[in-house]
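Same order as they appear, the protein sequences are chains A and B. The opening residue of the first sequence carries number 88 in my numbering; numbering runs sequentially from there. The opening residue of the second sequence carries number 7 in my numbering; numbering runs sequentially from there.
Some hints here could point you the wrong way.
[What the hints assert, rightly or not] Heads up, simulated BS3-like pairs for lysine-lysine below, C-alpha to C-alpha not over 25 Å straight-line:
#: 1; chain 1: A; residue 1: 152; chain 2: B; residue 2: 144
#: 2; chain 1: A; residue 1: 144; chain 2: B; residue 2: 144
#: 3; chain 1: A; residue 1: 145; chain 2: B; residue 2: 151
#: 4; chain 1: B; residue 1: 146; chain 2: A; residue 2: 141
#: 5; chain 1: A; residue 1: 141; chain 2: B; residue 2: 144
#: 6; chain 1: A; residue 1: 145; chain 2: B; residue 2: 146
#: 7; chain 1: A; residue 1: 144; chain 2: B; residue 2: 146
#: 8; chain 1: B; residue 1: 146; chain 2: A; residue 2: 152
#: 9; chain 1: A; residue 1: 152; chain 2: A; residue 2: 141
#: 10; chain 1: A; residue 1: 118; chain 2: B; residue 2: 14
#: 11; chain 1: A; residue 1: 152; chain 2: A; residue 2: 118
#: 12; chain 1: A; residue 1: 145; chain 2: B; residue 2: 14
[Said to hold, decoys possible] Restraint-style ranges between C-beta atoms, simulated for each label pair:
#: 13; chain 1: A; residue 1: 258; chain 2: B; residue 2: 10; range: 53 to 61 Å
#: 14; chain 1: B; residue 1: 186; chain 2: A; residue 2: 256; range: 24 to 32 Å
#: 15; chain 1: A; residue 1: 140; chain 2: B; residue 2: 137; range: 18 to 26 Å
#: 16; chain 1: A; residue 1: 179; chain 2: B; residue 2: 77; range: 19 to 27 Å
Calculated directly from the structure, the hints in this document are not laboratory data. Glycine is no exception: its CB is placed at the ideal position from the N, C-alpha and C atoms.
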Amino acid sequence: MEVFTMERWSPYAVGIGIGVLSWIAFVLSNKPIGCSTAFVRSAGLLERFFRGGKVDKKPYYQQFKPQVDWEWMLVLGVLIGALASAFLAGQFRWVWVPPVWAAEIGTSPVARWLVALAGGFCVGFGARWAGGCTSGHGISGTLQLAVSSWIAAVGFFVGGIATAMILYHVIAA
Amino acid sequence: MLTNLHSKNGLQLLLGLLLGIAFGFLLQKGGVTYYDVIINQLLLKDFTVVKIMLTAMVTGMIGVHVLVGLGLAQLHPKPGSLGMTIPGALIFGVGFGLLGYCPGTAVAAVGHGAADALLGGIVGMLLGAAAFAAVYPKLKPTLAKGDFGDLTLPRLLNVNPWVVAIPVVIAVVGLLWWLEHAGL
Numbered sequence: 088m089e090v091f092t093m094e095r096w097s098p099y100a101v102g103i104g105i106g107v108l109s110w111i112a113f114v115l116s117n118k119p120i121g122c123s124t125a126f127v128r129s130a131g132l133l134e135r136f137f138r139g140g141k142v143d144k145k146p147y148y149q150q151f152k153p154q155v156d157w158e159w160m161l162v163l164g165v166l167i168g169a170l171a172s173a174f175l176a177g178q179f180r181w182v183w184v185p186p187v188w189a190a191e192i193g194t195s196p197v198a199r200w201l202v203a204l205a206g207g208f209c210v211g212f213g214a215r216w217a218g219g220c221t222s223g224h225g226i227s228g229t230l231q232l233a234v235s236s237w238i239a240a241v242g243f244f245v246g247g248i249a250t251a252m253i254l255y256h257v258i259a260a
Numbered sequence: 007m008l009t010n011l012h013s014k015n016g017l018q019l020l021l022g023l024l025l026g027i028a029f030g031f032l033l034q035k036g037g038v039t040y041y042d043v044i045i046n047q048l049l050l051k052d053f054t055v056v057k058i059m060l061t062a063m064v065t066g067m068i069g070v071h072v073l074v075g076l077g078l079a080q081l082h083p084k085p086g087s088l089g090m091t092i093p094g095a096l097i098f099g100v101g102f103g104l105l106g107y108c109p110g111t112a113v114a115a116v117g118h119g120a121a122d123a124l125l126g127g128i129v130g131m132l133l134g135a136a137a138f139a140a141v142y143p144k145l146k147p148t149l150a151k152g153d154f155g156d157l158t159l160p161r162l163l164n165v166n167p168w169v170v171a172i173p174v175v176i177a178v179v180g181l182l183w184w185l186e187h188a189g190l
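Required output: the full structure, derived from the provided sequences and hints.
Here it is, written out as structure tokens:
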């Protein structure tokens, strides 16, 4: 089973694999693969834990009920699958500052954490504003030839490339 | 359509979990759970992310449209509007550039021990989603601007889906061939 312990697979093999998963999801579950609604449901579950039932009165949580659903389980599975892959290849280790960031920007874990937190906030907020993320719009939506998803996919990369270029070539330069 | 299977809630949760495990495994094996790979894509130095996304898209596009033709699947295009899709995607993009992970890959990155994905990315995404839920009533008029619903490109052009899908597949295969040829 050497294939499972390899560190990397060809991006084309991985892409075909994800494409086939989308077929399975459509046929067996009648759903496109996506990830970002799991975050709003989890946020709602946490809010309900801390603030009680009034959370369910928020209109957005009536649309995306704070509960464990198919997509929430999918995201849990993503964690388990990546963990399994990393362990099989002997790649699991805690890293606070990714190597490219450390080399170009700095080795401070606090700086990396604060920028990641701000970035995560924008990702979570923007994904809900756009109604999907790089999975739901970027792969599942574009493969359905959805107009919303093609616009969103372009926007994700325009915003991402501009931000990364400014961060690495202007701020860190 | 396997409507009987679709209505079995417990089994669906299990299927979601199994599909997620396969998805996470593939993302990690593809290397796109690493900040370095994603940021180098956004800096246009490493095209692994684009190669995986485009290959997944064309594989999925062909298969799903065949399945729809056979009556085994139905499309679920996401609704959109100018006020929703454009600003939302750009805010997401800014976050994508700062965080260096997207929602799925951040979760998968935790699977190999990326502490920035866990304490920064996931915590931030939960806060961002909660903030969106809080401001959603005020944003509603903006979100409704320029609404085009769950339109697909074939419906927009009033053509058979394959009239769009086949040229897209050819263009993507050509682009991927060019990326390899250019050594990217």
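Comparing the hints with the structure gives:
1. A:152 to B:144: holds (19 Å)
2. A:144 to B:144: Distance ~15 Å between residue 144 of chain A and residue 144 of chain B Cα, so the pair holds.
3. A:145 to B:151: Distance ~22 Å between residue 145 of chain A and residue 151 of chain B Cα, so the pair holds.
4. B:146 to A:141: Holds, at about 20 Å.
5. A:141 to B:144: It holds: about 18 Å lies between the C-alpha atoms, which stays within 25 Å.
6. A:145 to B:146: holds (13 Å)
7. A:144 to B:146: holds (16 Å)
8. B:146 to A:152: Holds. Residue 146 of chain B to residue 152 of chain A sits at ~18 Å (cutoff 25 Å).
9. A:152 to A:141: holds (13 Å)
10. A:118 to B:14: holds (14 Å)
11. A:152 to A:118: holds (17 Å)
12. A:145 to B:14: The given pair, whose Cα atoms are some 29 Å apart, is violated under the 25 Å limit.
13. A:258 to B:10: 53 to 61 Å: With Cβ atoms ~56 Å apart, the hint holds.
14. B:186 to A:256: 24 to 32 Å: This hint holds: roughly 26 Å between Cβ atoms.
15. A:140 to B:137: 18 to 26 Å: Given about 20 Å between the Cβ atoms, the range holds.
16. A:179 to B:77: 19 to 27 Å: violated (44 Å)
Of the numbered hints listed earlier, those contradicted by the structure are 12 and 16.
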